[in-house]
Amino acid sequence: MSAAVTSPPELSSAQLVDMLRMMLRIRQFEQRAIELYRDGVMRGTTHPYIGMEAVAVGACAALRRADRITSTHRGHGHCLAKGGDPRLMMAELLGRAAGYCKGKGGSMHIADVEAGILGANGIVGGGMGLATGAALATKVAGRDEVAVCFFGDGALNQGIFHEAANMAAIWGLPVVYVCENNQYAMSARADRFTSVPDPAVRAGSYGFPGLSCDGMDALAVYKTVGGAVARARAGGGPSLVVCVTYRYLGHHVGDPLNYRDKAEVEAWRTKDPIERLRAALLERRVLTAADADVMRAEVEREIDDAVAFAKASPEPDPATLAEDVYA
Amino acid sequence: MSAVETHAGTRVLTYAEALNEALREEMRRDARVFVMGEDVAVWGGGGVFGVTKGLVEEFGTERVRDTPISEEGIAALAVGAAMAGARPVAEFMYADFMTLAMEPIVNQAAKIRYMFGGKARVPVVFRAQEGAGRGNAAQHSQSLEAWFCHIPGLKVVTPSTPADAKGLLISAIRDDNPVVFLEHKMLYNTKGPVPAGEHTVPLGVAERKREGRHVTVVGVHTMVHKALQAAEQLAGEGIELEVIDPRTLVPFDLETIVASVRKTGRLIVTHEAYERCGIGAEIVAQVVAQAFDALDAPPVRLCAANVPIPYAASLEMAALPQVDGLVAAARGLMA
Amino acid sequence: MATEVVLPKLGLTQEEGTVVRWIKSEGSRVAKGEPLFEVMTDKATIEVEAPASGVLLRILVPEGTTAPVAAPIALIGEPGERVAAGAPPATAAPVAPRAAQPSASVFGSNAAAGSTVAPGDGRVRVSPRARVLAASHGVDLRALRGSGPDGRIIERDVQRALDAGARGTGTAAAVPAVPVVPAAVSARMRAVIARRMTESLQSTAQLTLTTEADMAEASKLREEAGAELERRGGARPTFTDLIVRAAAIALRDHPRLNARWTDGGARLLPEIHVGVAVAVDEGLVVPVIRRADRASLAEISAALRDLSERARTFRLAPAEMEGGTFTVTNLGMYDIDAFTPILNPPEAAILGAGRVHRRPVAVGDRVAVRPVMVLSLTFDHRVVDGAPAAQFLQRVKHVLEHPYLLLLP
Chain A
1 MSAAVTSPPE LSSAQLVDML RMMLRIRQFE QRAIELYRDG VMRGTTHPYI GMEAVAVGAC
61 AALRRADRIT STHRGHGHCL AKGGDPRLMM AELLGRAAGY CKGKGGSMHI ADVEAGILGA
121 NGIVGGGMGL ATGAALATKV AGRDEVAVCF FGDGALNQGI FHEAANMAAI WGLPVVYVCE
181 NNQYAMSARA DRFTSVPDPA VRAGSYGFPG LSCDGMDALA VYKTVGGAVA RARAGGGPSL
241 VVCVTYRYLG HHVGDPLNYR DKAEVEAWRT KDPIERLRAA LLERRVLTAA DADVMRAEVE
301 REIDDAVAFA KASPEPDPAT LAEDVYA
Chain S
1 MSAVETHAGT RVLTYAEALN EALREEMRRD ARVFVMGEDV AVWGGGGVFG VTKGLVEEFG
61 TERVRDTPIS EEGIAALAVG AAMAGARPVA EFMYADFMTL AMEPIVNQAA KIRYMFGGKA
121 RVPVVFRAQE GAGRGNAAQH SQSLEAWFCH IPGLKVVTPS TPADAKGLLI SAIRDDNPVV
181 FLEHKMLYNT KGPVPAGEHT VPLGVAERKR EGRHVTVVGV HTMVHKALQA AEQLAGEGIE
241 LEVIDPRTLV PFDLETIVAS VRKTGRLIVT HEAYERCGIG AEIVAQVVAQ AFDALDAPPV
301 RLCAANVPIP YAASLEMAAL PQVDGLVAAA RGLMA
Chain P
1 MATEVVLPKL GLTQEEGTVV RWIKSEGSRV AKGEPLFEVM TDKATIEVEA PASGVLLRIL
61 VPEGTTAPVA APIALIGEPG ERVAAGAPPA TAAPVAPRAA QPSASVFGSN AAAGSTVAPG
121 DGRVRVSPRA RVLAASHGVD LRALRGSGPD GRIIERDVQR ALDAGARGTG TAAAVPAVPV
181 VPAAVSARMR AVIARRMTES LQSTAQLTLT TEADMAEASK LREEAGAELE RRGGARPTFT
241 DLIVRAAAIA LRDHPRLNAR WTDGGARLLP EIHVGVAVAV DEGLVVPVIR RADRASLAEI
301 SAALRDLSER ARTFRLAPAE MEGGTFTVTN LGMYDIDAFT PILNPPEAAI LGAGRVHRRP
361 VAVGDRVAVR PVMVLSLTFD HRVVDGAPAA QFLQRVKHVL EHPYLLLLP
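Residue numbers (the working numbering), protein chains in the order written: chain A, 1 to 327; chain S, 1 to 335; chain P, 1 to 409.
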């Protein structure tokens with residue numbers, strides 16, 4: 001477990017373009033989801049990922065299809081970035097039988113195990129043990145898949161983090177803990193509710209690397225998480241990567257947001273990750289402004305199509321209520 | 001092994017040895033099966049109760065894995081490993097400690113398949129031992145099967161004999177669902193015949209351990225044996241108990257019990273779990289719903305008192321259901 | 001006083017151990033703390049020290065013997081101290097004290113047989129099982145005394161009532177169906193018959209109506225249907241079979257004859273179960289054909305043949321003699337023309353048949369020789385009046401004279 005954090009392979013132009021597209025996809029998916037919720041078409045609640053796209057996209061760019069992720073209640077971004085189908089996701093949000101979970105899971109339980117998405121999770125920290133266990137399975141079987149666990153600053157304080165991280169450390173498991181520190185766990189400010197100013201130092205308790213990176217910069221996330229993934233895959237064991245990011249909107253739709261001030265939000269918006277990557281690609285001449293506009297329009301149509309698909313799908317038949325409780 | 005050849009095809013094993021055989025055979029048969037838990041590998045004799053004896057020597061430390069004291073982590077890792085293609089058998093030293101692991105068992109393992117629309121499987125076995133009678137006091141003597149029975153998506157198994165323990169553990173490991181496999185600390189050293197060769201007992205099938213005409217007694221774990229003792233005693237008085245061991249609590253074989261109650265008209269349900277909201281309440285409710293017309297008397301539950309299990313022998317005995325309680329209850333039903 | 005040396009508990013789950021070696025021998029002096037013996041558990045062999053100083057007076061558990069934990073295995077004391085001769089090892093269970101009496105509040109349920117209904121409030125408490133048994137046999141629960149808790153009527157109370165009403169069985173209180181044994185039966189059967197017949201005549205308002213049926217067509221049907229049945233491996237139907245079927249059909253049309261008298265008045269019975277009197281050695285047995293209206297003639301014939309044979313060999317189960325709602329009795333084989341059958345309580349009617357006898361009768365204005373049979377219907381006037389009873393009998397006659405009706409469902 002002493003291998004240093006290495007660097008991931010350089011991203012090709014095609015990969016860079018895909019990353020931008022994916023960020024747009026996530027942003028638009030979330031915006032449409034909010035509209036559907038406000039229109040009363042979606043029930044329950046939803047937790048928008050808007051502003052945080054760089055983390056999911058940067059991290060998943062370093063993963064293969066066989067690698068696995070666990071996600072959070074704020075999971076649409078991770079699921080899309082790991083290869084989830086927007087139509088099946090949208091249908092699930094609307095509780096339709098054609099959704100990923102046949103309408104039985106909803107926003108917080110979207111999963112596609114074949115694509116390595118071990119599920120969004122309604123329990124804060126719920127994915128930590130699962131991702132660590134997936135890494136355990138690959139190690140016992142002698143395979144080389146890596147597990148990435150997405151979680152927030154709040155989950156870092158759950159007991160399960162301690163247990164999972166400790167076991168990952170003693171056994172050298174190929175898991176990367178990606179903490180999306182968006183500064184708030186509902187209304188709880190990270191700097192008040194976490195005992196150390198920089199959460200990354202907690203990795204030191206377990207003897208594995210704890211790194212921080214700019215969570216508004218997809219390329220920085222890719223470099224840092226990608227390095228940790230490479231290390232894990234090479235047998236170097238777990239890492240903790242804290243991505244400093246921000247959610248522009250509330251914890252969930254309907255959040256009164258009285259615990260933040262607008263100036264703070266505006267300040268973070270100036271660091272918008274999509275704008276940033278777009279600018280970087282333009283500068284590298286991987287993309288032109290016109291290409292970017294075309295891309296945006298294409299993604300819009302894609303999401304329109306996903307919404308239309310979802311709206312046209314039938315609701316689940318109550319006769320299916322008892323199906324799939326047991327294998 | 002203290003196995004004794006009785007006749008071709010059957011050996012006498014202890015309950016712990018039978019479980020050990022099940023683990024060993026399944027780990028040989030399927031490389032995806034692995035064991036994890038506290039003190040399962042290094043502790044002399046193979047775990048505190050000897051169930052994992054000899055396994056680490058044969059299968060190594062990757063597949064027989066000692067863990068830190070991290071019950072929630074043990075359960076959660078087992079679930080994640082199961083989702084990633086393994087078939088873990090996670091052990092909790094005492095069922096009482098499963099309280100720390102309720103989140104991954106209840107919110108994750110039980111629900112993942114359903115929440116994900118049937119597109120995932122969690123083939124994990126959570127093993128633990130329950131029960132009282134040894135003066136282990138309140139936090140090490142509970143029987144908590146009712147909690148797990150309550151959660152859709154889990155299967156719950158409670159073997160009472162070595163043959164059932166082996167057969168059911170193999171079935172549990174081969175089952176693609178999360179199975180809570182509850183053993184009993186006072187049964188580990190009990191002996192019984194276990195068939196040689198491949199021996200499985202299907203989940204969800206009760207067994208009539210003793211035939212009788214007058215009172216149906218449904219028992220869990222040690223109460224099966226106490227019911228059999230009561231039956232022996234009452235046979236001399238012309239009262240015949242029919243003792244049924246459900247063996248699996250979820251899925252539950254209601255049919256066998258109802259058929260028996262249709263014959264006898266009288267029902268006693270007995271378990272070591274606390275009486276209030278124990279599995280006995282569910283069994284009685286189901287039998288009454290299905291076979292109301294067959295009942296000649298109200299069903300009776302004989303369970304632990306609604307108190308934390310006490311330490312002193314006299315108190316512990318008073319708290320738990322005993323043979324003479326069963327005898328008195330049966331006589332009362334026949335009066 | 002000698003000190004007991006006990007087999008120590010050396011492990012969490014240890015229940016017994018084997019004494020492998022006595023380091024000191026009987027009669028030798030030992031010091032407290034000195035190694036005294038070796039014991040083998042399932043995990044290891046361990047040396048155990050003497051718990052006291054003195055002479056090893058007696059070894060109770062010799063080498064190679066297994067004893068339960070806490071069992072006395074030796075005695076240490078001073079020479080001459082009394083010891084129990086050859087004290088055997090105690091049982092393994094830790095001291096089993098008297099269980100402390102728990103307060104009732106920690107046991108919630110099973111107030112044993114506690115009833116929420118106060119006794120004496122006039123409600124009849126009946127177990128569901130008893131209720132079903134009573135209903136299926138037409139037993140009036142109000143006539144029973146319950147022997148269950150709080151006077152609840154339970155299965156055995158209903159069963160006793162049925163046994164008292166059933167004929168031919170010896171043991172009134174027996175629950176399981178056991179074939180009757182001839183040797184014990186006759187005296188009891190006589191007594192039961194005597195009691196029931198007297199009771200019937202004294203407690204009912206019974207009288208008998210007669211009519212004559214022309215059995216020519218019925219005889220022909222019996223021959224022809226019989227030939228077909230024989231061809232199929234069965235046997236010819238008897239006249240009794242025909243009469244049973246005819247009675248069942250007629251009861252369907254005249255349900256007031258399928259009834260009984262209760263405190264509340266005449267009670268019509270939902271099903272038609274026809275009993276048939278069968279003479280047996282020293283007595284009379286009435287097996288019952290259940291739902292005779294829904295059985296075909298062939299089915300009735302087969303059933304009655306089987307029941308009669310088993311009745312004569314005392315192999316009927318009590319259940320087969322219970323629950324009848326109407327009885328048919330045929331004395332024709334004894335050349336009897338007509339008679340006044342006695343009601344079979346609690347039934348409201350019984351149909352007697354005489355011999356089928358070729359006699360001169362008027363057919364139109366001429367005299368012809370025809371096979372005729374007298375039907376004698378005794379009925380309970382409390383339950384049904386003469387006219388309806390007569391109509392029923394008329395219907396039976398009609399069906400027998402138009403026997404194709406026997407073949408319709």
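If you are wondering where the hints come from, they were derived from the structure by calculation, not from laboratory data. Virtual Cβ for every residue (Gly too), placed ideally from N, Cα, C. It cannot be assumed that every hint is accurate.
Lysine-lysine pairs mimicking DSS-like chemistry, simulated, CA-CA at most 27 Å apart [claimed, not checked]:
#, chain 1, residue 1, chain 2, residue 2
1, A, K262, A, K139
2, P, K9, P, K24
3, S, K191, P, K32
4, A, K223, A, K262
5, A, K139, S, K119
6, S, K191, A, K311
7, P, K220, P, K397
8, P, K9, P, K32
In silico negatives: residues of chain P with every beta carbon more than 12 Å from chain S [to be verified]:
#, residue
9, Q14
10, P128
11, R142
12, L331
Now for the hints, and whether the structure bears them out:
1. A:K262 with A:K139: violated (47 Å)
2. P:K9 with P:K24: holds (21 Å)
3. S:K191 with P:K32: violated (37 Å)
4. A:K223 with A:K262: Violated, at about 31 Å.
5. A:K139 with S:K119: holds (24 Å)
6. S:K191 with A:K311: violated (62 Å)
7. P:K220 with P:K397: Satisfied, since the Cα-Cα distance of roughly 16 Å is no more than 27 Å.
8. P:K9 with P:K32: The hint holds at about 19 Å.
9. Q14: With a cut-off of 12 Å, Q14 of chain P comes too close to chain S, as the shortest Cβ separation is near 9 Å.
10. P128: Not fine: 5 Å to the nearest Cβ puts P128 of chain P too close to chain S.
11. R142: Answer for R142 of chain P: holds, closest chain S Cβ roughly 19 Å.
12. L331: holds (41 Å)
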